[in-house]
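S.K.: Listed below are the residues making up each chain.
There are 2 protein chains.
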Amino acid sequence: MNFEDDLIMIPGPVPVTPRILKAMSKPMINHRGTEFSNLYSEILEKLSKILKTKNDVFVLSGSGTCAMEAAIGNVIDDCDSIVTVVNGKFGDRFKLIGKRYGKTIPVEFDWGTSIGLEEVESALKGGAKAVTMVHNETSTGILNPAKEVCELAKKYDALFILDCITSIGGIDVPIDDLGVDIAITGSQKCLGAPPGLSIISVSEKAFEAISGKVPFYMDLRAYKKSSKKGQTPYTPAISLFFALDESLRIIEEEGMDNRILRHEKFAKAMRAAINALGLEMFPKLNTASRYSDTVTAVNMPDGITDKQLKDGMRSHGIIIAGGQAHLGGKIFRISTMGNITGGDLLRTISALENVLSENKVIDKSGSGAETANEILNI
Amino acid sequence: MNFEDDLIMIPGPVPVTPRILKAMSKPMINHRGTEFSNLYSEILEKLSKILKTKNDVFVLSGSGTCAMEAAIGNVIDDCDSIVTVVNGKFGDRFKLIGKRYGKTIPVEFDWGTSIGLEEVESALKGGAKAVTMVHNETSTGILNPAKEVCELAKKYDALFILDCITSIGGIDVPIDDLGVDIAITGSQKCLGAPPGLSIISVSEKAFEAISGKVPFYMDLRAYKKSSKKGQTPYTPAISLFFALDESLRIIEEEGMDNRILRHEKFAKAMRAAINALGLEMFPKLNTASRYSDTVTAVNMPDGITDKQLKDGMRSHGIIIAGGQAHLGGKIFRISTMGNITGGDLLRTISALENVLSENKVIDKSGSGAETANEILNI
Numbered sequence: 002m003n004f005e006d007d008l009i010m011i012p013g014p015v016p017v018t019p020r021i022l023k024a025m026s027k028p029m030i031n032h033r034g035t036e037f038s039n040l041y042s043e044i045l046e047k048l049s050k051i052l053k054t055k056n057d058v059f060v061l062s063g064s065g066t067c068a069m070e071a072a073i074g075n076v077i078d079d080c081d082s083i084v085t086v087v088n089g090k091f092g093d094r095f096k097l098i099g100k101r102y103g104k105t106i107p108v109e110f111d112w113g114t115s116i117g118l119e120e121v122e123s124a125l126k127g128g129a130k131a132v133t134m135v136h137n138e139t140s141t142g143i144l145n146p147a148k149e150v151c152e153l154a155k156k157y158d159a160l161f162i163l164d165c166i167t168s169i170g171g172i173d174v175p176i177d178d179l180g181v182d183i184a185i186t187g188s189q190k191c192l193g194a195p196p197g198l199s200i201i202s203v204s205e206k207a208f209e210a211i212s213g214k215v216p217f218y219m220d221l222r223a224y225k226k227s228s229k230k231g232q233t234p235y236t237p238a239i240s241l242f243f244a245l246d247e248s249l250r251i252i253e254e255e256g257m258d259n260r261i262l263r264h265e266k267f268a269k270a271m272r273a274a275i276n277a278l279g280l281e282m283f284p285k286l287n288t289a290s291r292y293s294d295t296v297t298a299v300n301m302p303d304g305i306t307d308k309q310l311k312d313g314m315r316s317h318g319i320i321i322a323g324g325q326a327h328l329g330g331k332i333f334r335i336s337t338m339g340n341i342t343g344g345d346l347l348r349t350i351s352a353l354e355n356v357l358s359e360n361k362v363i364d365k366s367g368s369g370a371e372t373a374n375e376i377l378n379i
Numbered sequence: 002m003n004f005e006d007d008l009i010m011i012p013g014p015v016p017v018t019p020r021i022l023k024a025m026s027k028p029m030i031n032h033r034g035t036e037f038s039n040l041y042s043e044i045l046e047k048l049s050k051i052l053k054t055k056n057d058v059f060v061l062s063g064s065g066t067c068a069m070e071a072a073i074g075n076v077i078d079d080c081d082s083i084v085t086v087v088n089g090k091f092g093d094r095f096k097l098i099g100k101r102y103g104k105t106i107p108v109e110f111d112w113g114t115s116i117g118l119e120e121v122e123s124a125l126k127g128g129a130k131a132v133t134m135v136h137n138e139t140s141t142g143i144l145n146p147a148k149e150v151c152e153l154a155k156k157y158d159a160l161f162i163l164d165c166i167t168s169i170g171g172i173d174v175p176i177d178d179l180g181v182d183i184a185i186t187g188s189q190k191c192l193g194a195p196p197g198l199s200i201i202s203v204s205e206k207a208f209e210a211i212s213g214k215v216p217f218y219m220d221l222r223a224y225k226k227s228s229k230k231g232q233t234p235y236t237p238a239i240s241l242f243f244a245l246d247e248s249l250r251i252i253e254e255e256g257m258d259n260r261i262l263r264h265e266k267f268a269k270a271m272r273a274a275i276n277a278l279g280l281e282m283f284p285k286l287n288t289a290s291r292y293s294d295t296v297t298a299v300n301m302p303d304g305i306t307d308k309q310l311k312d313g314m315r316s317h318g319i320i321i322a323g324g325q326a327h328l329g330g331k332i333f334r335i336s337t338m339g340n341i342t343g344g345d346l347l348r349t350i351s352a353l354e355n356v357l358s359e360n361k362v363i364d365k366s367g368s369g370a371e372t373a374n375e376i377l378n379i
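Quick mapping for you: the protein sequence lines, in order, are chains A and B.
According to this note's numbering, the first sequence is numbered sequentially starting from 2.
According to this note's numbering, the second sequence is numbered sequentially starting from 2.
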């Protein structure tokens, strides 16, 4: 008998705290009334602080992919070139979207390896209107070098589009300091809200670059016009705005700096446990990249299949993620994003030890949780 | 002191019953696990019954406009012609979206007047890949002739795209009998769920017509591929799926036929009250159109402004809608969509009488609610 709900430790959607679930279930309001415009304005103000930006910020009623497409679809037209940096599934998604709008110049690296700045610069030399990169590549557990690639983009006068879907809210992403033209994130990752909303920040330079046939639902000019009245151009997913607002209140209460430190500590504890269990991290790092502080990707050890591991974890009430696309069966991934607790983390690591032990992948339990707890000190 | 929540009688979002709010606040689940795929499959099965269709049905995480764009964006490419029938704001939106994808041939009528079938046929004679029409034009309170325009579309071998956002769930829309190629609806209208999801049904013929550069987030081929596994191609707004599922259960319990009769009766009661109060319906009907059975649009009477009326209603705890675009100040609109009760309707009519009476637009209160109650018989 398990008295607890299943704990979802996948890299989004993340567990949603009861406080947020409760806020979400408020009665419906008019999306064209003052109650909504006050709510939306407050949400935008809180998001601007988290993103450390003076750029326009909007909330789209659509998941992260909707915002990824909004970023490209607004500024890239048939004749425009776009450099897409790819070292994982979401980098690849930018490439696929890019192909629908303009001339895509992919700069590709093996998934799980770091990106090479020289290759990016070499692609930019040919001229491009924009560069896309995924900041935190969820599919591989790598944090890509935002600062360095942004500098390259500026050097060649290209717009810098950064997917921060699994970094913002857990990792510091100072949009204006970095000089990101279009940054996007999602509600259901480090911000800790349910899925269904995405957030986009847009620089003046990016606004001036809007051209061609922009998707109607994602037209950033319409969002800009409506946000002046505290509205969205089309009916917003009001309940999810209630939830996002509550999740931003929680972030304010925790303090963004504390939240970043907590994400660092949790990921460090997770990596230490992985190491203590004799498992191997999946990413191959170079000087330009780091392990993600929001999701940990681990090589699947010998002696256990993806299904055995996930089913075993599930029997302990924990949901973890496998590898995506060609990484299926080769890695597993555990998220430490959002409003999870040290207890959630220890529960996850303990379950992992037990499952590995039950399958005779490791000799005995205990060392992983012990090592993590030394770092967590909860 | 008002113990009740504000009652939103605008044509969407509609009030969401506590049962649905509660279902929505369930803990988060993995969108790639069996729990979600079971949920999604059940939702699609229930929707297929309501739409009376064997066509593919998908749920998009995005509002109605997202589905409107999905309909056009998939099948219309630069060189394609699309006839857009316009007699209100949402017909106009189809025209605006059409312009971003192909050669748009608008067939326009004054907002609030009926569409002329001859004009539609005359436009179709020039050849078109598709025709768009809004079934229930929320901006004006008119139900447009789906059957007749669908027959014209077939006669000229054009796909028929029907916006049923404010009809499905309240008015009978037998998709296969009518022969609608692409039908769309939204969660927050007659279905009674919160906003943020839209639903699209797609015929085989429409699938075969997909061509050109389709928006990535709205690519119906991706939805089709994923739905075979009970999934959506991109992260779904899970909480809203919980809510939609509960709203579909409520519809099943009420019975779709009963629900349609209730919508008919409520709209009839509302129109009778409007008439009894000496007010004038906004739509100018011809033989090819009907008053909407989900939203009632009324000419703004002399002696009261839009602001006075809406503020007055608000002081009674009722939110109603004004006119959109150039109809602002000229009409007001009251919705009778979704899971509202006869009591909600009487409360609204009584408040309307009081506000009109307070502003000396009518002499005395009573006749509207009395007349409506004779029809409602609650």
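Rather than coming from a laboratory, the hints here were simulated on the basis of the structure.
A couple of the hints might just be wrong.
Residues of chain B placed beyond 10 Å of chain A at every Cβ, according to the derived structure [stated by the list, open to error]:
no. : residue
1   : ASP6
2   : ASP7
3   : LYS23
4   : MET25
5   : LYS27
6   : ASN31
7   : ARG33
8   : SER62
9   : GLU70
10  : GLY74
11  : ARG101
12  : TYR157
13  : GLY197
14  : LYS214
15  : SER240
16  : MET257
Once the Cα atoms are required to be at most 16 Å apart in a straight line, the calculated EDC-like pairs of lysine to aspartate or glutamate come out as [stated by the list, open to error]:
no. : chain 1 : residue 1 : chain 2 : residue 2
17  : A       : LYS155    : A       : ASP177
18  : B       : LYS27     : A       : ASP177
19  : A       : LYS47     : A       : ASP220
20  : A       : LYS100    : B       : GLU36
21  : B       : LYS100    : A       : GLU255
22  : A       : LYS214    : B       : ASP78
23  : A       : LYS311    : B       : GLU36
24  : A       : LYS214    : B       : GLU371
If the Cβ cut is set under 8 Å, some of the chain B residues that face chain A in the computed set are [stated by the list, open to error]:
no. : residue
25  : VAL17
26  : HIS32
27  : LEU40
28  : GLY65
29  : CYS80
30  : LEU118
31  : CYS151
32  : GLN189
33  : PRO196
34  : PRO216
35  : ALA238
36  : ILE320
Small disclaimer: the values here were computed from a predicted structure and weren't measured.
Idealized CB from N, CA, C, for every residue including glycine.
S.K.: Starting from the hint list further up, note which numbers the structure goes against and sort them upward.
M.R.: 1, 2, 3, 4, 5, 6, 7, 8, 9, 10, 11, 13, 14, 15, 18, 19, 20, 21, 24, 27, 29, 30, 31
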